[in-house]
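All chains should be built: construct the whole structure from the sequences, respecting the hints.
Residue numbers (our numbering), protein chains in the order written: chain D, 302 to 780; chain X, 2 to 221; chain A, 13 to 679; chain Z, 286 to 603.
Worth double-checking, as some hints may not be accurate.
[As the list claims (entries may be wrong)] Dumping the calculated DMTMM-like pairs for lysine to aspartate or glutamate here, alpha-carbon to alpha-carbon at most 20 Å:
#1 X:Lys173 to D:Glu485
#2 D:Lys737 to A:Glu169
#3 D:Lys497 to D:Asp305
#4 A:Lys512 to A:Asp339
#5 A:Lys535 to A:Glu427
#6 X:Lys173 to X:Glu6
#7 A:Lys434 to A:Glu280
#8 X:Lys173 to X:Asp8
#9 D:Lys658 to A:Asp65
#10 X:Lys173 to D:Asp488
#11 A:Lys381 to A:Asp505
#12 A:Lys535 to Z:Asp291
#13 A:Lys381 to A:Glu477
#14 A:Lys535 to A:Asp580
#15 D:Lys366 to D:Asp305
#16 Z:Lys341 to A:Asp566
#17 Z:Lys573 to Z:Glu498
#18 Z:Lys317 to Z:Asp334
#19 D:Lys737 to A:Glu167
#20 D:Lys658 to D:Glu449
#21 A:Lys512 to A:Asp65
Derived by calculation from the structure, the hints in this document are not laboratory data.
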Amino acid sequence: MTVDALAAILLIPAVSAAILALMPDYRPTAAINVAASLFTFLTALSLFVIRPVSGPYLLVDDLNKVFIVLTTFIGFTTSVFSASYIGHEIAVGRLTPAFVRFYHAMYQTLMFALNLALVANNIGLMWVAVEVATLTTVLMVGMYRTHEALEAAWKYFILGSVGIALALFGTILVYMAARPVIGEGLDAMVWTVLVKRASAFDPALLNVAFVFLLLGYGTKVGLAPLHAWLPDAHAEGPTPISAVLSGLLLNVALYALLRFKMILAASTATIAPGPLMVVMGLISVIFASLMLYRRRDIKRMFAYSSIEHMGIIVFAFGMGGPLANLAGLLHMTMHSLTKSAIFFAVGHIAQVKGTQKIDDIGGLTVTNPVLGWGLMLGVVAIVGLPPLGIFMSEFLVISSTFARAPWLAAILVLGILIALGGLFMRTNVVMFGEPKGITKPTEASYVPMFAHLALVCMAGIYLPPALVSGFTSVARLLG
Amino acid sequence: MHGIEFDVAHMLAGTLVLASFMMLYQDRLPALLNVYALHALVLALSVAWQAFIQDAPHLYVTAFIALTFKAIIIPVSLHRIIVRLGIHREIETAVSVGLTMLAGIGLVALSMVVMLRITPGADALAREDLAFALSVVLLGLLIMVTRRNAVSQVVGFMSLENGLVLAATGAKGMPLVVEISVAFSVLIAFIVIGIFLFRIRERFDSVDLQALDRFRGERR
Amino acid sequence: MITAALVCVAVLLALAPVAIALAAQMRGSAIIYSASLLACLALLVIALFALLDPAHPILSTTLPVGLPWLGAHFRIDALAAFFLAIVNFGGAAASLFALGYGRHESAPGRVLPFYPAYLAAMNLVVLADDAFTFLVAWEFMSLTSWALVVSHHRESENIRAGFVYLLMASFGTLALLLAFGMLAGSGGHYDFATIRAAHPAAVLSTTVLLLALIGAGSKAGLVPLHAWLPLAHPAAPSHVSGLMSGVMTKVAIYGFVRIVFDLLGPPEWWWSMVVLAIAAPSATLGVLYALMQRDIKRVLAYSTIENIGIIFVGLGLALAFKAQAMDWIAALAFTAALFHVLNHATFKSLLFFGAGCVLNATGERDMEKLGGLIHRMPQTAFAVLIGCVAISALPPFNGFVSEWLTFQAILLSPELPSWGLKLIIPAVGGLLALAAALAAACFVKLFGIVFLGRARNAVASTAREADGFSRATLLGLAALCLVAGIFPGLFIDALAPVAKAMVGNSMPHQAGLQWLTIVPIAKSRSSYNGLLLFAFVLLSGSIAALAIHRLASDRFRRAPFWDCGLPDASPAIQYTASGFSQPIRRVFGTTIFAAREIGEMPPPGSPAPARLVVDMHDLIWDALYAPIAKATGFVTERINVLQFLTIRRYLTLVFVTLIVLLVVLTI
Amino acid sequence: MSMIRDLMSQGGDMLLVLTLAPLLTGFVRKIKARLLRRQGPPLLQPYRDLLRLMRKDVVLAENASWLFRAIPYIIFASTWVAASLVPTFGTGLLFSWSADLIVITALLGSARFFLALGGLDVGTAFGGIGSSREVMIASLAEPAMLIMVFAVAMIAGSTQLSTIAEFMGSSAVGLPVSLGLALVALIIVAIAENGRIPVDNPGTHLELTMVHEAMVLEYSGRHLALIDLSSQLKLVLYISMIASIFMPWGTAAPQAAVHSLALGAAAYVVKLAVCGVALAVFETAIAKMRVFRIPQFLGAALMLALLATLLRFVSGSL
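Here's what the structure looks like:
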């Protein structure tokens with residue numbers, strides 16, 4: 302029974318992907334997509350009740366339990382959103398039925414890959430999963446077939462592939478480090494085993510390995526200066542994919558990084574992870590925040606804000622310590638909820654106003670109050686204003702690091718402030734003033750967006766103890 | 002274990018690095034492709050040799066894939082593509098070759114230092130293999146960076162990936178090697194198809210910003 | 013009882029969603045404002061109980077929200093009670109005023125939901141007893157007020173004001189966050205009790221002091237962090253402006269007092285020098301800025317900066333004396349500061365509400381288009397007049413008493429041993445005196461130009477008196493100005509427990525003294541009796557009036573005004589606001605605002621009018637804020653290139669990063 | 286018993302200043318005229334003027350507001366109260382503790398506040414000129430006055446005027462430098478506040494540099510009488526302030542016997558006369574300033590007072 306829950310999380314998307322791919326008719330695909338995502342989510346929920354035993358290939362522990370549920374949940378809400386979104390796209394003829402079928406199949410494949418990456422206990426398997434996820438997202442980003450879309454997809458593809466290659470090299474190195482201790486064969490790639498024995502590994506080799514892993518998976522995470530693919534991929538692809546990219550893919554890549562960091566943390570002699578992550582995190586925060594000011598495309602702007610937040614999270618994990626790690630985990634959760642909500646809103650806006658250009662959108666709170674204030678709330682959340690969740694995590698990061706490393710914390714604060722300025726400067730144009738341009742009616746469903754925002758709002762005020770206890774135990778492991 | 006198998010493995014790996022250098026040196030596409038075929042061939046040999054000395058039969062599969070897919074199918078199809086795209090006669094105005102070679106040497110030195118300094122524990126064969134693999138990877142990246150042409154960038158990437166396979170096979174008893182090499186072949190196939198479908202030549206990679214802006218979601 | 017307080021706050025919070033629903037209805041604003049009025053009154057009663065009952069236990073409670081392992085701590089001690097009273101007094105006044113004023117709101121949907129939330133946030137700041145809750149409430153306060161500032165979003169300058177405001181507010185909050193991070197250490201013990209118990213090291217506590225000064229000061233509007241204030245306060249609807257100026261700045265002061273006097277432990281002697289060196293110039297500069305303005309609400313906003321300066325002078329003196337363990341003088345200075353907090357809350361709300369009435373009646377904020385309103389709206393004029401007298405620190409009103417107490421504290425400061433203070437405090441006294449005199453000039457100008465003289469345009473001549481609620485609020489506040497002025501003893505005694513808790517001693521008990529005189533230290537030294545003074549003035553004035561009307565004549569007749577025999581009917585001959593302050597601008601402006609007057613004379617014989625152009629610079633803005641904006645623009649432009657590189661260049665970035673990391677690792 | 290006497294002395298004091306005020310003005314005018322070799326108006330002319338004005342009708346501008354009519358009484362009342370709080374012939378008056386030096390300054394401040402408003406009420410050009418210049422002068426004179434008060438208060442250890450006077454009378458004073466500086470500052474402030482030459486010229490009209498007269502231009506009849514009376518009171522106030530601080534000789538102590546009170550009164554009259562003569566001489570000797578020289582004049586006072594205070598701060602003895 303227990304294994305079934307775990308298997309189901311992988312099987313449901315895989316099977317439904319196959320079904321969707323083979324479907325003759327495109328109309329029911331959206332519904333099937335939603336249903337499949339819902340079932341995956343429900344099975345994932347069952348993990349809270351009964352924990353399956355983890356084998357050499359799959360595992361469930363405190364760390365990924367939460368992320369599985371989060372991923373499947375956002376997968377579900379996004380599928381709901383994408384149903385209405387894609388419906389509109391067909392209506393205006395931007396997508397042909399064939400593409401719609403293909404899109405939904407890809408969507409489920411992506412879900413499968415993400416879940417696999419999360420539950421994989423074998424670092425090789427994890428790598429494969431991330432690669433598959435990359436490929437599917439590449440295909441989806443390029444789906445509109447416009448020059449911009451193709452260019453974005455191609456850039457994403459090349460940079461992603463290089464990243465994958467580097468990550469694989471890192472994985473091999475980890476295996477090399479583990480082999481003398483654990484011996485040849487499968488065990489030397491099983492994460493649980495690795496963590497147990499990590500203290501005996503050759504620290505120097507692990508350091509080099511981590512450099513490659515940081516660069517490899519960091520490319521997926523979108524850390525500057527490896528970020529180049531991220532803004533365009535977000536801006537040019539279908540909005541549900543932007544939501545999934547920011548909300549899930551970045552998280553999964555970061556999750557992979559965390560797994561390896563835990564190995565390094567377990568072995569005392571290693572130095573690499575902390576400083577490296579802190580530096581890259583700070584660079585990303587400052588860089589991304591500064592990039593916000595000149596953005597003209599609303600989706601690209603929020604893509605940069607994702608880079609900034611990934612920077613904050615990586616900084617938190619780099620600083621380490623129970624509080625900072627907890628904050629990092631919290632921030633991952635909050636960010637993926639908020640950012641996907643924001644992309645939902647942006648998707649609707651782009652459909653209502655028929656453009657993504659910030660300067661062509663204006664007075665949204667007048668023309669579409671619900672949508673406008675929804676996005677406003679999302680922006681307020683993402684810049685880290687209370688009483689929403691991200692404020693809590695940022696509070697924890699900053700306050701827990703300032704006493705230890707004042708200057709680093711100060712730089713982080715500066716970055717957060719710059720980002721706030723940039724985001725508000727641009728969103729003011731969208732939200733307020735005289736309405737601009739045309740306003741098409743839309744039959745969008747605001748449920749997913751407000752569901753996410755409600756969760757974020759609640760988390761800012763009250764965190765369920767279960768979540769916290771899980772996170773704190775993980776935070777301790779993260780060192 | 003300084004025996005014949007070590008020397009052969011060493012020799013093959015060294016040849017791979019040498020092939021990478023040759024690729025670095027080539028500035029005409031057809032020649033580049035030929036050298037890449039050679040590169041893949043050497044890889045296949047070394048993988049096979051590893052399979053032999055580690056008596057790990059599944060590695061023969063990897064070797065076979067490398068031989069057929071990389072040494073034959075890919076180069077041939079790429080030849081077709083460049084002929085169709087009409088860029089087979091182009092001389093690439095890359096960064097000057099001399100400079101690139103110097104950089105390459107530097108990279109090899111770096112990888113040697115990195116690997117040999119940090120892996121005193123691992124057995125000699127693995128160390129050598131890793132060192133060579135790393136230099137092949139870095140050289141592959143260097144090729145990608147110094148070439149303007151999408152096709153030659155792809156070639157660079159494939160050589161990089163050869164380096165990875167070398168490392169993977171060198172790592173004694175590493176599981177999933179076959180799967181990984183398969184996965185990579187799929188990846189490369191995608192890339193090649195991508196080039197073929199979207200007629201991607203240097204247009205996305207032109208330094209001419211006018212041309213670039215046409216394909217940019219966001220104007221300056 | 014604290015539960016009751018929290019319930020009231022919860023009610024306020026709950027009103028926000030209700031307001032979203034009600035905003036469309038006609039009676040929506042009435043319902044919301046009356047509900048928030050009731051909640052504020054209830055909280056006010058609770059606060060007064062907690063403050064006035066001498067044998068009152070310190071209430072505290074913890075709710076299972078916020079940080080899971082910490083919970084949200086709430087506590088009402090004397091300090092919190094006092095500021096709770098201030099907040100809800102102001103809140104109640106604003107709500108009452110808004111019952112009338114809010115009816116004229118053009119976009120109620122953008123004001124109603126945020127108004128109760130804003131009140132709730134300010135209450136929570138005061139109630140909070142752990143760093144997290146405090147900061148959440150603090151920033152939530154900024155957020156809601158921001159929403160209110162941009163409520164009239166069609167004027168682009170309001171949006172700009174809101175942007176600057178939110179940026180500065182978050183800057184302040186982050187500074188406070190760092191301060192608390194420093195206090196709590198990396199252990200995550202954020203509750204105030206633990207922080208209070210742990211005494212930080214000297215260098216550390218100095219950092220905290222500076223951060224607190226930056227954080228609270230930027231919210232309160234200390235120069236040079238004041239830039240947002242004159243933009244944001246006027247932009248909001250007038251009852252909110254009153255709250256922001258009269259109450260929110262006080263909440264900021266609460267934050268400063270809580271951190272520096274309560275959490276930080278014993279002060280160093282030179283901290284006070286930092287505070288005084290910022291506070292005194294703020295007072296003088298603030299009122300000088302105010303004198304140069306033409307916009308009523310902007311004048312009031314700048315004068316807020318002045319009063320905040322005065323309050324911080326009091327706090328600085330209190331710090332100095334506390335550091336030297338002269339706690340009885342410290343109590344005097346501290347009480348003066350808190351008393352001024354109350355007074356400023358009173359008359360600044362009054363004046364902003366008055367400005368709101370004028371705005372409603374005429375739709376005009378520019379003084380130079382107003383005039384003669386005393387005929388059209390006599391009661392408003394009367395109330396505003398009292399506000400002006402009070403804020404100009406003239407007896408027998410409340411503003412004078414607090415400044416008088418501050419002066420008394422200054423006069424005692426030769427007792428301080430440290431030479432730096434000996435040198436700086438006389439200058440502070442001088443600046444304070446200057447500020448007081450300039451404030452009088454400023455408010456003569458405000459009242460004289462807006463309410464006296466002749467109407468300068470049509471709307472001003474057809475204005476109508478404000479509605480009943482507004483007038484009731486204005487007159488009530490005016491009455492309070494007088495009461496606090498003539499019975500200061502009662503208020504000082506009410507402040508005693510606060511001073512006792514913060515500086516370890518309190519001013520001598522005043523209520524018992526004959527004729528309700530107040531005696532800060534000793535009767536031989538100084539004493540003041542507002543009641544008697546008021547009675548005297550009233551008496552002699554009426555005696556004179558009576559005598560003259562009886563014995564001499566009480567006849568009068570109306571005639572055109574004389575004006576030295578050159579009467580010109582056009583209202584254009586009257587002095588304008590800028591003309592009125594021109595002499596003072598000549599005296600101070602040339603240095604402080606780099607003000608220049610350029611007279612443009614037409615060539616002889618041409619009928620063109622001569623023009624006088626005055627150009628002034630806000631030097632602080634030019635020196636501090638403009639460069640930052642410029643730098644940001646420059647850097648973003650430069651860095652923006654990275655969005656437009658080619659794939660090869662991006663690969664190069666990755667490649668270089670890899671090489672660098674490997675090299676770093678090997679060496 | 287003593288209560289009644291205190292009340293009497295307080296009331297007597299109030300009446301005394303009220304009655305002496307016009308006389309002093311007349312006296313100064315007379316002296317000035319004599320110095321100019323003119324006959325000059327009789328000593329009692331100011332009384333006659335006041336009575337005449339009282340009897341005349343008030344001519345109000347059409348758009349004069351209720352405030353305009355209330356202002357003269359406010360000004361008169363606050364000035365009178367302020368004047369009666371300054372010890373004249375005896376210290377320790379009944380209500381002297383109800384207000385100290387700072388309060389007296391502030392009372393005069395409120396009088397000025399309303400006077401300036403009065404200048405603005407009708408909305409004429411001259412009124413505007415007057416009040417705008419008045420507030421400019423005040424914005425410098427008031428701080429100077431206050432800082433002077435600081436200096437004196439620190440010497441005497443009190444801001445209570447009667448206490449200061451007693452202290453000055455005692456031998457404990459010595460001869461501090463800062464006291465001298467304070468005196469000069471006070472004199473400058475007094476000149477400015479009373480609108481005497483060189484700051485303002487009470488004698489003239491229709492002069493573009495006038496300040497006080499420009500403000501009261503629209504006033505007539507009893508209103509004007511009250512304003513004139515209060516400015517005369519102000520002169521008495523300042524002179525008696527200077528007297529009580531800097532020449533406290535002969536002032537009767539609190540609870541003093543009747544004869545010493547009489548002595549004090551005599552001494553007081555003498556002091557007034559001396560100061561009046563000095564003022565007259567000074568005014569005839571000096572020329573009127575341009576308006577924008579006044580800030581420098583008052584700035585000097587401000588600096589002197591500040592210097593005095595600083596000296597007190599730095600060393601208790603100087």
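A quick look at each hint next to the structure:
no., hint, result
1, X:Lys173 to D:Glu485, "holds (7 Å)"
2, D:Lys737 to A:Glu169, "holds (18 Å)"
3, D:Lys497 to D:Asp305, "violated (26 Å)"
4, A:Lys512 to A:Asp339, "holds (9 Å)"
5, A:Lys535 to A:Glu427, "holds (19 Å)"
6, X:Lys173 to X:Glu6, "holds (14 Å)"
7, A:Lys434 to A:Glu280, "holds (16 Å)"
8, X:Lys173 to X:Asp8, "holds (16 Å)"
9, D:Lys658 to A:Asp65, "violated (61 Å)"
10, X:Lys173 to D:Asp488, "holds (13 Å)"
11, A:Lys381 to A:Asp505, "violated (45 Å)"
12, A:Lys535 to Z:Asp291, "holds (18 Å)"
13, A:Lys381 to A:Glu477, "holds (18 Å)"
14, A:Lys535 to A:Asp580, "violated (55 Å)"
15, D:Lys366 to D:Asp305, "holds (15 Å)"
16, Z:Lys341 to A:Asp566, "holds (9 Å)"
17, Z:Lys573 to Z:Glu498, "holds (15 Å)"
18, Z:Lys317 to Z:Asp334, "holds (19 Å)"
19, D:Lys737 to A:Glu167, "holds (15 Å)"
20, D:Lys658 to D:Glu449, "holds (14 Å)"
21, A:Lys512 to A:Asp65, "holds (14 Å)"
Hints 3, 9, 11 and 14 from the earlier list are contradicted by this structure; the remaining hints agree with it.
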